[in-house]
Amino acid sequence: MLRLIQLELQKLWLNKISKILIFVSFILPFTVLILSSIKINFFGFFTLELGELGIFNFPIIWHITTFFASYFKFFFAIVVVSMIGNEYSNKTLKQNLIDGLSKKEFILSKFYTIVFFSLCATVLIGVATFLIGLYYSSYTETSIIIREIDFLLAYFVKLVGFFSLCLFFGMLVKRSAFALGFLVILYIFEWIIFWGAFEVFGNADTAFKVKNFLPLESMYKLIDQPIQRIIMTKFPDKGDLAYDYAVHWYEIAIVLGWTALFVFLSYRLLKKRDL
Amino acid sequence: MEPILTINNLTKKFGYLTAVKDLSFTINKGNVYGILGPNGSGKSTTLGIVLNVVNKTKGDFHWFDGNTTTHDALKQVGAIIERPNFYPYMTAEQNLKLVCKIKGVDQSKIEEKLGVVGLLDRKDHKFRTYSLGMKQRLAIASALLNDPEILILDEPTNGLDPQGIHQIRQIIKDIAAKGTTILLASHLLDEVEKVCSHVVVLRKGEKLYSGRVDEMTSSHGFFELKAEKHQDLLNILENHSNFGKVKIEDDLITAFLNEPMSAPDFNKLMFDKGILLSHLVMRKESLEEQFLQLTDDLETNQKIA
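As you go down the protein sequences, you meet chains A and B in turn.
Going by the working numbering, the first residue of the first sequence is number 441, and it counts up by one from there.
Going by the working numbering, the first residue of the second sequence is number 6, and it counts up by one from there.
Isolated chain A, as found in the complex (with noise of 0.2 Å):
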């Protein structure tokens, strides 16, 4: 396993773009979380300061953070695509396999190092949030600090998800560009599935219900929007604010199943390709 780790990062780390879209995917989120937390002077006007809003208390920090900076995989799904369509474009998958590589192995080791740059991503995040939330937190008491720590899970199991999807599409159509466009189509395949839904059982609840087993949606809804929670502490009184933003088992096992059958796919579709 850590050969093919190793071999995959040989790969990445020594080709320059995408070590600039790796780099930029774990320093931006944290500028942004540092910016974010520090005091801010508009030119003498007003301070902004994000703190105050008690959107740094534990344990919402944890849903916070992980909601927005989710937002930045983007730049490793350009990575994930890439990794693909330069493979094929370079011919060298197929060098790969005739040194000596199994096409099971091909595959794992970008598995493998999808998961390998989730895991990071997630304890970088753990680590900022833990530390920002020390700094401003209201509560430090240990209990309630971990006590919503399993959106560090989510956040984990949604980047794993997300990106297998990207390998999915960069073996489908094989180059970098259209394997995103996908990306796009998957998307407004989703919403279209969501009003045929609608269509059927005539309420948009039972049609949501549908539209949180595909894909995209299902990843999305590990960690839901944290707004409508940040305006609920702002006004606890209103009851028809509140609403369901706990991560699941059910949603986990989802995307876990999405992941599994993006990567077996995978395999598959390179197992029954002539190169």
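Simulated from the structure, these hints should not be mistaken for lab results.
Only true hints are included.
Computed far set for chain B versus chain A, every beta-carbon distance over 12 Å:
no., residue
1, G123
2, D179
3, K209
4, E243
5, I253
6, P265
7, N272
8, Q298
Simulated crosslink set (DMTMM-like; lysine to aspartate or glutamate; CA at most 20 Å straight-line):
no., chain 1, residue 1, chain 2, residue 2
9, B, K34, B, E7
10, B, K61, A, D714
11, B, K199, B, E294
12, A, K711, B, D77
13, A, K531, B, E87
Chain A stretches covered by chain B per the calculated footprint, using a threshold of three residues with CB under 8 Å from any CB of chain B:
no., segment
14, 442–448
15, 454–465
16, 527–539
Backbone N, C-alpha and C define an ideal beta-carbon position, used for all residues, glycine too.
Assemble chain B onto chain A, guided by the hints.
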């Protein structure tokens, strides 16, 4: 003889097109084999199948004694297919390090093999800056990293300038001299003739011949003759049972042998008959002539059938 690769009734179809048809042959240790055939005769497809990048439709093949999986066997094989494929943004050395990791061999061989192909001074240059000849030589270095049992080369001199072709052929000869089994696919007869001891001839995915290069046709060669007594010579040739076809071009007579006969024996016979030859050359058909004969025969047979 120790078999390295055995192919049994291998067939590959791309849709309606049959690229390889019921192909069987065996490659034994220590020989230099050529796969010869015009473009599109199924050479690369056959190699692709045994190298695990093309899926076979029917038949089977196995490496070595049949007890190693293809995946493990490929680690003892060195192969270059068509164009050299490397990561353009890595240097030669980095590319070879990657190959070492894939094959699971130590990186200490890199310097040595780069030396073999004469690329040591360019090892820190990026692959994309290489000329085609250098790329091809790097590919050979890469294929040699694991000191392979067999080296497979698919059109290794395609697209190279004469100097590059010469360099590559010299490298191949040096490797063969060290006892490495070589399988060379080519449409260049001259190349196969210069390098190989055995040959498999393919045409439209079918095997026409497999065996030693010098036994490719049943021909025993031919004499090119000139003599003062032109007509007498012709009469003798036409009546002698050893000779078949006789061709005449101006005063040059070309007589094809049906039975083996040495030049001294023939010369003596002529002398006894009172004919003094002014020109006597015994030749075998070049591989090119044999190859054309082989493919032509088949075509005529097919037309008759």
